[in-house]
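Protein chains: 2
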Amino acid sequence: MYIKYSFEQLNKFCCDAFTKFGFTEDEAKKITDVLLLSDVYGIESHGMQRLVRYHKGIEKGLIHVDAKPEIVFETPVSAVIDGHDGMGQLISIEAMNIAIEKAKKTGMAVVTVKNSNHFGIAGYYAKMACDQGLVGFAMTNSEAIMVPTYARKAMLGSNPIAISMPAEPYPFFFDSSTTVVTRGKLEIYNKLSKPLPEGWALDENGKPCSDAARVLKNIVGKNGGGIVPLGGDTEPLGGHKGYGYGMLCEIFCSIFSGGLTSNHTHIGGKGGTCHGFMVIDPKVFGDADALKERFSLFLQELRDAPKAEGQERIYTHGEKEIFASADRMKNGIEVNINTVAEMKDLCDYLGMDSVEYLGDVDFSNATQSSYK
Amino acid sequence: MYIKYSFEQLNKFCCDAFTKFGFTEDEAKKITDVLLLSDVYGIESHGMQRLVRYHKGIEKGLIHVDAKPEIVFETPVSAVIDGHDGMGQLISIEAMNIAIEKAKKTGMAVVTVKNSNHFGIAGYYAKMACDQGLVGFAMTNSEAIMVPTYARKAMLGSNPIAISMPAEPYPFFFDSSTTVVTRGKLEIYNKLSKPLPEGWALDENGKPCSDAARVLKNIVGKNGGGIVPLGGDTEPLGGHKGYGYGMLCEIFCSIFSGGLTSNHTHIGGKGGTCHGFMVIDPKVFGDADALKERFSLFLQELRDAPKAEGQERIYTHGEKEIFASADRMKNGIEVNINTVAEMKDLCDYLGMDSVEYLGDVDFSNATQSSYK
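Here the protein sequences line up with chains A and B, keeping their order.
Count the first sequence with the working numbering and you get residues 1 to 372, in order.
Count the second sequence with the working numbering and you get residues 1 to 372, in order.
If you are wondering where the hints come from, they were derived from the structure by calculation, not from laboratory data.
From a predicted model like this one, the values you see are computed outputs, not experimental measurements.
Put simply, identical chains are the same to the list, so a pair is met inside one copy or across any two.
Under the rule of at most 25 Å between Cα atoms (straight-line distance), these lysine to aspartate or glutamate pairs were calculated in the DMTMM-like manner:
| # | residue 1 | residue 2 |
| --- | --- | --- |
| 1 | Lys283 | Glu94 |
| 2 | Lys104 | Glu74 |
| 3 | Lys222 | Glu309 |
| 4 | Lys30 | Glu8 |
| 5 | Lys105 | Glu74 |
| 6 | Lys292 | Glu168 |
| 7 | Lys270 | Asp304 |
| 8 | Lys307 | Glu235 |
| 9 | Lys283 | Glu101 |
| 10 | Lys56 | Asp33 |
| 11 | Lys292 | Glu70 |
| 12 | Lys194 | Glu235 |
| 13 | Lys307 | Asp203 |
| 14 | Lys217 | Glu198 |
| 15 | Lys283 | Glu74 |
| 16 | Lys56 | Glu27 |
| 17 | Lys207 | Glu235 |
This is chain A alone, in the form it adopts within the complex (with noise of 0.2 Å):
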């Protein structure tokens, strides 16, 4: 079941809520930002859905809510900042900036991020690089949750990472996990009480798994298994594949930075999260504007492509997005009633009056208790 709100009213919510958590309204603002954009572009579980867990990690002493990110090292084509264990979307957001702003000097950058949290989205970042005619990429580590080939223990991340790169009539906006699915789906599926899919998560034995409360309990509980990589958890259908594109991720947040690989993250009261983030300028290839058309070109030539059998569109990467901005921003954006409950929490534990924010919601189709 879901409940419907406008576009404002989530807005005016989460920043409200992140101001009472101590942030600065500009900071309140861009943490939402980034929240927003997930729900606005369909990614149910980047937004609403993640807000008991930016509440958990402040009220933990994971998220510090003063916390200002540190350059440690730098060179005219890199960084390496220390988020001091900030929120993830500050720390982010200035270390994609930077990022942009020596790509415009030098034509390309690496900005690697230690001492971090969860981020939302990865694709917010790169698609502020390509928001200024850039061509951004973005990635985290997290807590540990894909389990490598043959292993029966969560070592990496979801680790996703995310390219987005000027094109008309929309940019290319591709962000995906190099997990088969991401964390936040196993919630969802949870929320919703539905048995997974095949082939998406292993118990703590190593098997196959369709129940996903087991397998979340077990990721927080760091009892054995998780997710598998993109692939499989075997290798004829490319399991190792996902894996290594894994292993790409990690190099580029914890690895570059120095900050703790996902099997470290989250132990022992410590976050942890590392972010990696590129910028080239499409400039160094020389005229700009013919790249993007002939990239423009071909994905369209890939949209006009012969369709299979049954099947009515081909979409390229981050039209899916565009569509459901479209008609979000017009016709409003659905939320589960379970994580409405959990906005209700958020409320009476911010002092925030539920009813004026969330509408008088009926609470008895909500299944689940919110927090964990």
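Got chain A sorted already, so can you dock chain B onto it with the hints?
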């Protein structure tokens, strides 16, 4: 059935063959070095097995033996190279050397190549950077072979992404197509007359297909179908992600260089393969030795992680290649009898004494004519 040769035997055969094709001794040695590393690493699909394609490429005029690569645009962090339809290995070694030189000066560099040909294993070029203490990335597009999610026509190449990075006791070496498997794998199954595993390929109507010969014929004839992206041909297991990583490769190769996208290569007597190379000097993130040390530690933690039931070891990327290399340099390299038959045909074509190079082989077990 396999025949075993020493490294020296294959090296001599291959160097002499490429010299006979008209390459200088130095050029023949470079080409051989790329091809043989593949066989030594156990990547049977990209070594001697591919000679027939280079032969055909030269014969058909796709590969110009005398072509010299030319830098058509450059900045301190980048170069665009026109390969002028030369041999992919020679163009790519030069391109990667340029990327390495630039990265040593600036910290990082991207070199993109148009109008080239098949370059062998991507990993060879990534390894070139790694051998000098740098992080190397190599990519290539190819004849269209990957069917995008919900299409029934191949629009992208196998589009491999290779990454190599220094570590102890051996480097990280990841070299992987963004399709579920490579065309080379299909060629091997075809030579062995084995049915393809489920989830690898689609026929000309976009339906699952286990007939390697049919899929290969369709690819060459541009009749539709091909290989599915990593993650499969639908979205629940992440096929759109493999398609997205294929796009990442295409961006660095054809889009940055202004060359042909995969769907336009190998049409009308033109090859037009494009490559992309990136090098990052780990020194731009501080102490490169400390970085290498923490990366080595993480790789060891992965190998030491608890194993799945029934599994005895967890590999990190590049380990299998190290073991294969040690074994093959000591005990010899096994070559499929059908590939040896192709090598014999090549001897005959080039006026080389096949018995001297390959021994007195009984070809009655060769099941296939070697030239399409």
